[in-house]
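A.B. asks: As a plain string of letters, each chain reads:
Protein chains: 2
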Amino acid sequence: MEPGGCDAGPTVKAVAAVLPAGGSGERLGGATPKQFCTVQGRPLVSYTVRAVERVSWISDIIVVVSPENIETMKSIIEKYGHKRVTVTEGGITRHRSIFNGLKLFSENKFSNHLLQKPEVVVIHDAVRPFVEEDILLKVVMAAKEHGAAGAIRPLVSTVIASAADGCLDHSLERTKYRASEMPQAFLFDIIYQAYQQCTDYDLDYGTECLHLALKYCKTNAKLVEGTADLWKVTYKRDLYAAESIIKDSLSQQICIITDVKEAVVQVGFLLHESLRSQIKVETISISLSKRDNHLQNIFSGQCYNFVCINDKKYATEEIQQLVDMLEESNIPLLHPVVLISVHLNTSENASFSIDLEELTKMKKFAREVKRKNILVYGLLIQYKDYFPLQETVNSAAALTMALIKDRNPELTGQLVVA
Amino acid sequence: MEPGGCDAGPTVKAVAAVLPAGGSGERLGGATPKQFCTVQGRPLVSYTVRAVERVSWISDIIVVVSPENIETMKSIIEKYGHKRVTVTEGGITRHRSIFNGLKLFSENKFSNHLLQKPEVVVIHDAVRPFVEEDILLKVVMAAKEHGAAGAIRPLVSTVIASAADGCLDHSLERTKYRASEMPQAFLFDIIYQAYQQCTDYDLDYGTECLHLALKYCKTNAKLVEGTADLWKVTYKRDLYAAESIIKDSLSQQICIITDVKEAVVQVGFLLHESLRSQIKVETISISLSKRDNHLQNIFSGQCYNFVCINDKKYATEEIQQLVDMLEESNIPLLHPVVLISVHLNTSENASFSIDLEELTKMKKFAREVKRKNILVYGLLIQYKDYFPLQETVNSAAALTMALIKDRNPELTGQLVVA
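Chains A and B, in that order, give the protein sequences. Residues in the first sequence are numbered from 2 upward in steps of one, following the numbering used here. Residues in the second sequence are numbered from 2 upward in steps of one, following the numbering used here.
Simulated from the structure, these hints should not be mistaken for laboratory data. Do not rely on the hints blindly, as some may be mistaken.
The list treats identical chains as interchangeable, and a pair is accepted whether it falls inside one copy or across any two copies.
[Stated by the list, open to error] Dumping the calculated BS3-like pairs for lysine-lysine here, alpha-carbon to alpha-carbon at most 30 Å:
no.	residue 1	residue 2
1	145	80
2	262	139
3	365	233
4	118	314
5	14	104
6	364	281
7	75	237
8	237	145
With the rest of the complex left out, here is chain A:
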């Protein structure tokens, strides 16, 4: 955290975050609380932790979970390599959980803790995975100035009050009201004081931290207009939406790797041209046996899709090398990586056929690699004069996009034909 703010971080002494993740997920209709539901194989809470963790100026992240989920949460932190995260036990309501999280910074009963009391604390739901640094910064800066701040959104539906007989009493004028969302931020001393003073009724039935700050510390929170990505995963349909959004974001970039042979480089170039209207493409031609630094950089970046073009029929060795490099880079752990092994068919024989035994081997290989969260698919491109190459490459590009967008683990090891 820079005091000068040159890194766009806030000029605040210390910022910590508390993520309440103790909900039971009743509205989702499943047995698993929604924060632990998996999206692309990974629990939702891990996406949210990652979103907060990548903000460098947030020093500590407290995840508050119900007692029965402590071990689950700890194993998620270990598996996905989360840093600066402390897990603590929640209470039976949301407010009690948040209060428990705040206590970690203040009480001495945790004799071995190294948590520094922050100047500002961010509170963010574990089931709002798409929070951006920008809005976190805005609420933190506003909290520093006003004592409290929270993100708001326009109301999607009109809000009405019902009378005792189940009939309409009145409807609220929509423009005067806002939905209170997350993240929220507070000067630590204010929110902690508010929690210390609030009643059991507040702790059991209240929903709004901003309300507590107002009621007990006379602090009028600054309201910050948030973007649509602050939504909360509440229903099953929201999990579907989250899955599509994540798949979408994983399909933004692709890396095409070719060896240095002319024919292969040419196909790589054509594929690049055909794909680049839909996706950011980077193409590199290398000899895979020399571990290329540039390739290493791509692996450590945000690219989750690789196309490896070869003129060998089943280039298992080359693919194995790529798998090894990917595994070392740690990126397939966070998201499923798609690796498409393209075979050029340069055989003279027009009635070229696919050998089922070879295919069985490839499927076996793909099954093993899938455990490492790498999805391998085969793609065959005809490379002959009597096949119009550009057309075949366009078809290969469409298949590539289809495989990348679906990321279907059941189809790994299959060979699609352009």
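Please arrange chain B on chain A, whose structure you already have, making use of the hints.
C.D. replies: This is chain B only, laid out in the frame that chain A set:
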């Protein structure tokens, strides 16, 4: 509409529906208004019309669209064979559009119209495609008794009021308020009177029909607790969710068709057993050349997935017959139908191979059939003693489910290998 209610219809003289579909879809961030965005190739508004149209006791459906979309809407009605639907021109706001829709029943300026003034009118957003008959019935019956009724849902977020300085003024107690959703229903005379009396300010800035009925006709609407499927498609993520929900509902049932040969029937049986824990399966063994009545019934039903098992290598003729029957049944019009052509490999030769020329033919065939909204995929099952058949069939079942769930049009014509 039955007066006695034996068909679970309301005991109401006539029920009509008005679907406002004039919105511009600004919040979706695209150029196309959300009601015309396609989900599985079909405009969202068509799903909503279908949901209302399948309720037999709703006699007329008025869809209100902005002037520039009249032709689009008419062509949607024609393409998807919607019945009992009238398209009319909306105003510049939601209330003006609804009012325009209601006028169709009341004014004589439409000299050639055959619309009967209903006793009760349902108002339902064109972008809430998952409305069920049950809730429509509830609001209609409540409207008959109380004059007005509307579906409500619990609030997902706390609602707050902001002060002039952009700070929190107060937060509402969440339990006392509800989100007002759709459908709503009114005695026609009440809502029409309310619209006739209301001010330009109401028509331009109001959002809530229930509010107008209260303000101008002193009618306190009955509030009916709705289910989670009443949500409104508002943001892009909602379109993603709608797509997944529709794909999910299309993946509920599958029909396995085999010819009458023993080996094929056996594989059909094993596949049935392997699939039935995940999906409702019906298996029939027939000679396809005899147009089976039972098969016709399935085609006219709600089944959108077919597996056709053959011991021929490329059973194009059989698949063509199925395609013809599907086309006649009209079901591929509403949703993409998945048709998986299963080839049994009964060849003695272990190094069986796939002929690329045959594959190219199959891809061409699939491309043509895709225009009819039928997605054809190939699936190869090894049928040999030295391949463990049950294991291969389990793999075939997993591939079948993957193809059905993704319904990816780019992968049609491909041959996957179990």
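A.B. asks: The structure should be examined with respect to each hint, and the outcome stated for every one.
C.D. replies: Going down the list of hints, with the structure as the test:
For a Cα distance limit of 30 Å, the shortest separation of residue 145 from residue 80 qualifies neither inside one copy, at 35 Å, nor across copies, at 58 Å. Taking the shortest Cα distances, residue 262 and residue 139 never come within 30 Å of each other, neither inside one copy (52 Å) nor across copies (70 Å). Taking the shortest Cα distances, residue 365 and residue 233 never come within 30 Å of each other, neither inside one copy (40 Å) nor across copies (45 Å). When the C-alpha separation of residue 118 and residue 314 is checked against a cutoff of 30 Å, the pair qualifies neither within a copy, at 61 Å, nor between copies, at 71 Å.
Taking identical chains as interchangeable, the C-alpha atoms of residue 14 and residue 104 lie at most 30 Å apart only when both belong to the same chain, with a minimum of 19 Å there against 64 Å between chains. For the homomeric pair residue 364 and residue 281, the shortest alpha-carbon distances inside one copy (29 Å) and between copies (28 Å) are both at most 30 Å. Proximity of residue 75 and residue 237 under a CA criterion of 30 Å is satisfied intra-copy only: 25 Å inside one chain copy versus 34 Å between copies. Taking the closest pair of Cα atoms, residue 237 and residue 145 never come within 30 Å of each other, the shortest separation being 36 Å inside a single copy and 34 Å across copies.
Comparing the model with each earlier hint shows violations of hints 1, 2, 3, 4, 8; every other hint is respected.
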